[in-house]
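**Q** Listed here are the chains, written in short residue letters.
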Amino acid sequence: MIPVSFYLTLAALMFTIGVCGVAIRRNVIVVFMCIELMLNAVNLSMVAFSRTVGNLDGQIGVFFVMVVAAAEAAIGLGIIIALFRSTRSLESSEASELRR
Amino acid sequence: MHSSWNLLSWLIFTPLIGAVLLYLIPLFHPSVDRHGSKARWFSLAVAVLTFAISVCALASFEVNGSMQLVERAAWIPSFGISYAVGVDGISLALILLTTVLMPVVLLASYSVHSKVRAYLFHMLLLETAMLGTLAALDVFLFYVFWELMLAPMYFIIGIWGGTRRIYATLKFVLYTVFGSVLMLAAILYVVWAYAQQTGEMSFLLSDLLARTELSFKEEVWLFAAFALAFGIKVPIFPFHTWLPDAHVEAPTGGSVILAGVLLKMGIYGFIRFGFPLFPRGAELFIPVLCGLAVIGIVYGALVAWVQTDIKKLVAYSSVSHLGYCVLGLVALNTVATTGSVYQLLNHGISTGALFLLVGVLYDRRHTRDVAEYGGLAAKVPVFAFLFLVFTLSSIALPLTNGFIGEFLILTGSYVTFPFYTTVALLGVILGAVYMLTLYMKTMFGQLDQAKNGSLTDVSAREVATFLPLLILVFWMGLYPQPILRRLEPAVDTFLSDVKARSQMLEEREMGFMAQMRPQLIRAQEGAVPGHGIVQRTSLKESNL
Amino acid sequence: MERTNAALALIPLFPLVGSVAAFLVGRVHKRAAGIIASLASILAFVWTAKLFAAMSAETVLEDVVFSWFGVASLQVDFTLRMDALGAVMCLVVTGIGSLIHIYSTAYMAEDDSVHRFFSYLNLFMFSMLLLVLGGNLLVLFVGWEGVGLCSYLLIGFWFRTIDYAAAGRKAFVVNRIGDAGFLLGIFLLWMNFGTVDFLELEAAIAGNMTLVGLCTVVALCLFIGATGKSAQIPLFVWLPDAMAGPTPVSALIHAATMVTAGIYMMARMDFVFALAPFTLAIVTIVALLTAFVAATTALLQNDIKKVLAYSTVSQLGFMFLAASAGAYWVAIFHVVTHAFFKACLFLGAGSVIHGCHHEQDMRHMGGLSRYMPITFATYLVATLAIAGIFPFAGYQSKHAILGALEHNVNPYIAPYNSWIVALVTFTAFLTAFYMTRSLAMTFFGKYRGHAHPHESPAAMSGVLVALAVLSLFGGWFLETRLPNFLEHVLAVAPGHASETIVESLLHSWVGIAGVVLGLLFYTSLAGVPGLVFSLFKPIGVLFQRKWFVDELYQAILVRPLEGVSRGLWKAVDQGFIDGAVNGSGAVIDTSGQVLRLTQSGQVRHYALWMFVATIAIVVFFLVRS
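Residue numbers (the working numbering), protein chains in the order written: chain H, 1 to 100; chain B, 101 to 644; chain U, 645 to 1269.
A portion of the hints provided could be inaccurate.
As the list claims (entries may be wrong) - EDC-like cross-link-like pairs, simulated, lysine to aspartate or glutamate; straight-line CA separation at most 20 Å:
no. : chain 1 : residue 1 : chain 2 : residue 2
1   : B       : 541       : U       : 755
2   : B       : 479       : U       : 1206
3   : B       : 551       : B       : 463
4   : B       : 541       : U       : 807
5   : B       : 479       : U       : 756
6   : B       : 551       : U       : 1206
7   : U       : 1214      : B       : 463
8   : U       : 1214      : B       : 469
No wet-lab data here; the hints were simulated from the structure.
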C-alpha cells in the first residue's frame, strides 16, 4: 500500500503549480485551469485522508467540491466569453476597468 | 393617556403617504403635470392635512407635564426595540412649528422649477422624519428618524442648491454624521449597560431613564458624545461653520426648514435625551456649554455684521440666536429653559420668514449680494413692511414674539450665570446693529441699481406665505400664555427628572462604593463635593 | 392711596387705532391721514383730561388689560396705571402731541408719504403713552423700545437719503446700548424681589437701608438706560443726528416727550435712586458735563435745528441735575416747561424752514421778523423762556433747579455744591447766549438767502401761538400747583419762599445777561464773534466740531469692532475652523490616494496577496504553537 505521504506530496505539488499559474500566467483560460488544478489537489488529499482514516467523510466533501467546481466552471467560462467579447483578448491584465 | 386613534402615527406618516402617492398616482407624472402644479397643490394639501392632525393632537392634549398620546408597539423584540411615540408640551410645540412651517415652505416652492415632484417628495419625507424625531420615545426609533432627516436635506441642498451646493451639502452631511455616529455608539453603550444590569434589552427611553445605572465617568463620556451630536446640530460655536454654507447654498425652502426646524433638534435632543440620561455628565459640561453659548452669541453677531451675502448674514444671526437658546437651556431653571424652548419657536418663525424674504428677492434678481440692492422701500413697500416686521421680531422688539423668549432666557439665566448673561446682553445690542444695517443697506437710500427699477412687489401668493408667520409674530408677542402654559409643566417635569435621576445615580454610586470599600469612602467623605445640580438648584428655588 | 379701576387702555388705544386707520385711509386720501391721526391724538387727550378731572392727588387709576406672560414666579400683567406723575406726563404727551399733529397737517401737506408719517406719529403716541402709563417695568419697557422704534422710523422718514436712514439706525443702536443696561436693572430687581410691578417694588424697597448696595447697582443700570433715551454722556451722540427727521418729529420726539422718558423713569423709580447716593453722585456729574458740553457745542452751530438739538441735550442735563439732587418734582417741572418752550422753538424753526423753502442754515436766513411776524413773536417768547427770564416758563423751573442744587444733601456731592451751582449758572448763561444768537441770526438783520420767505399757514402759526402762551404762563401756573399735586408720588422739597416780581427779575440776571450779550454780538457788534473765535481758535474748533465725540467713537469703537469682526470671520471661521474641517477632509483624501496605489486592478495581484496572507497566517499559527 502506498503511504499517504506520497499522495500528499503529489497534492502539494499540484497545488503549488496551480498557485504559480494563477500568479504568473496572464491568459485567463490558463488561470482558470490552474484554479481547477488547485481544487483537484485538495480533492486528492481529501480522498487520500479518507482512505487512511477509514470513513467516507472526505469523499463526501470531494463531491461537494466537484459540484461547486462544475458550477464555477460554467459561470467562469461564461465570464471569460463575455470578457473576450468586450475586449477581444484573453489577457487578464486587460480587464482592470473596475479600478477606474 | 392612550390614544385609540393613533393620532401621532397618523401625524408622522401622513406626509410619507403623501410623498409615496406623489409617485404612485400617474396624474403627477411630469409628462402629464408639466409644471408640477398639480403635484404642488397635492403636497400642499397633504401638509395642510398634517397641520390639521397636529391641531387635533393639540386639542386632545391636556395641560400637564406628562407624556401624552403615547403609542407603543414591539418593533424588533429580540433587541428590545419598540415603536414608541408620545408628546409633551415641548415636543408638541415644536411639532406645531413644523406643521405650520411646512405648508409655508411648500407654498414658497414655486421658485423651484426643475424636478418639482422629487423636490416635493423630499420635503414631505423630511417632514415625516422631523415629526418622528420629535415624537420618538424609543432611542433607536429616535436615531432612525434623526438620521432620516439627513437624506432628504442632502438631496434638497445637493440638487436644488446654488453653485457651491456639492461642497455645502457634503459638509453638512459629514459634520452631522460625524456627531451622530458617536451618539449611536453612546446609545449602544447605554443599552448594553442596561442589558448588563437588568438582563434584558430595551431601547425605550423610560426604561433607560428608570433603570440604567452609570458611573460618573461613564456619564461624562456618554454626555460628551451626545453633546457633540446635538451641539453640531444646534450649532454651538465652534461647530457652526457648516451652517452658513448650507444656508447659502440651499434653496429657499431648504433654508427655511433648516433654520426653522432642523436647528431646533439639537436643543430638543439635549432636553429629551442628553440631560435626563446623563445628568451628572451634563452638569460637568454646563460651564463649557454656557461659555460656548455666550461666545456664539457675540461671535455670531459680530461676524453677521460684516457679511455681504444676505443669506449668510441671516445664517450667522442664527448662530447668535441659538446661542441664547443654549444659554437658557443650561441655566436649568423653569424661566430660562421655558424661554429657551419658546425662543426656538420664535427663531423658527422670524428667521424662517427672513429666509423667505431673501428668497423673494433672489427669485427676482438672482443675487444675494447686499450691494446689489438699496432703496427698495420706495419700490416694494409691502415687502419693506414685511421685512421690517420680521427684522424687529428678530431683534426682539417688545410686543413681537422674540422679546418674550429673549427676556425669559436672559432673566432666568441671569439668576444662574450673572456674568455670562451680562456678556450675552451684547448680543441684544449687536443684533440691532447687524439687522438694521442690513435693512438700511437694502431698503433705504437711493434706488441706484437700474435692475431694481423693474422689481415687483410681493404677489398674493407670497403674501399668503407670510401671513401665518406675521400673525404668529404678533400673537406670540402679545399673548404667549397659551403656549407658555403648555411648555411650563413639561419643562418642570424635565427639570425634576434631571434632578431625580442625578440624585438616584449619586446615591447608587455612593452606595456601591460604600459596599465595596467602606473605609475608603469614610476617608473621602470630607473631600466629596456637594454634588451639583441637586444642591445648586435647590438653593435657587426660592426665586424660581 | 386709593386704587380705582378705570378704562386707561383707551388712552393708548386711540392712537393705535389711529395709526392703522391713518395708514390705510391715508393711502387713498392723503388729507385724511392727518385729520384721522390728529383726531386720535385729541381723543386721547380728551380722555386723559376727563380721567384727570376726576382725580385727586392721591388717586391711582389702574387698568389690568390682560395677563401678558408668566412662567413660574415671573408673572407679568399688562398693567396700566395712572397716578399724579403719570397724569402729568400723559397730559403733556397727549396735549403737546395733539398740537404737533395739527401743526404737521400743514407742515407735511406736500409730502408723498404723508400717510406713513402720521401712522408713525400715532404709533409713537401709542408707545409713549404705554411708557408713561405702564404699571410695571416691562410695560414701561414696551413703550421704551416702542418709542425707540418710532424714533428710528421717523428719523429715517426720508429714507431716500442714506444719511438720514443711517441717523435713524444710529439712534436705535445707541438706544439699544442703554436698553441693555435697563434690562440688566430689571433682571436684578426681579431676581431680588420677584416682581417688576412698581407698587410692589416700592413696597419692598422704599426706605430699606439694607438695600443700599443693591440699589446702587440697580440705579446705575437704570441710569445707563436713561443716558441712552435721554441723550446724556456718553450716549448723547444720536440726538443731534436725529434732526434728520421732519421738524415736527424733532419737536415731539426729540424735544418734548421721548427724550424726557429717562427723567420720567428716574422719577418713577425714585425709591431705588433714593437709596443710591453714590449713583446719584454719578448722575450729577454726568448731567453737569452733558449740560455744559452740549451748551458749548450749541454756541457755534449754524444749522438752526442742530442748535436746538444741542440745547435739548443741555436742558436734559438740567433735568437730570434736578433729579440727582432728589428734587424729582423739579425735574418733572422742567420737563413740562421745556416741553412747552422747546416744542415752540422747534416748531418755530420748522415754520422758518418751511417759509424759506427747506433752508436750515442760519447763515442764509436773517431779517425774517418782517416776513414771518407770528413765528418771530413766538420764537422770541420761547427764547426768553429757555433763557430763564421772569415771568417766562423757563424761569420758574430753572430757578427751582438751582435752588435744589444749592440744597443738595448727597454726601458725595454736598461739599462741591457751590461749584456745581456756579457751573450750572454759567451753562444757563450760555443757554441764553446761544439761543439769542439763533434768534438774532434768523430774524434780525438783513435777509441773506435767495428764497421768498413767507409766513406759515394758520394751522402752523396757531399752534405756535398756543405753545407761546404756554411758554409765557405755564411756569407761573404750575409753580405751586405741580408740587402740591405730585407730593404723594414724589419727594417734594419744602417750597422756596415766594418772592416779589422785583426779586424774580433780579434772579433772572443770568438770562438777561446772556440775551443782552447775544443781541449785542449778533446785531450791532457783528465783528466781535469772529474776533473772539480767532482769539481762542483751538477751543472754538473744539466746540464747532462737537468736541470730536463722533470721530472719537468711530475711531475707538466702531472701526476696531468692525475690524475685529472681519478678522474673526476670515481668520477664525474661514481660516481656523473651516481649515480644520477641510484639512481633515484633505488628510483622508490623501491617505486614500496613497492606499489606492496598492489596488492594481489585476486579479493575479490580488490572488498573490491572498496567497501570501494565507501563508503568513499559517506561519503565524505554526510559530505560536
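**Q** Give a verdict on every hint.
**A** Structure-based check of each hint:
1. B:541 with U:755: violated (23 Å)
2. B:479 with U:1206: Answer violated: residue 479 (chain B) to residue 1206 (chain U) is near 30 Å, above 20 Å.
3. B:551 with B:463: Judged against 20 Å, a Cα distance of about 13 Å means the pair holds.
4. B:541 with U:807: holds (11 Å)
5. B:479 with U:756: holds (14 Å)
6. B:551 with U:1206: violated (30 Å)
7. U:1214 with B:463: violated (29 Å)
8. U:1214 with B:469: holds (18 Å)
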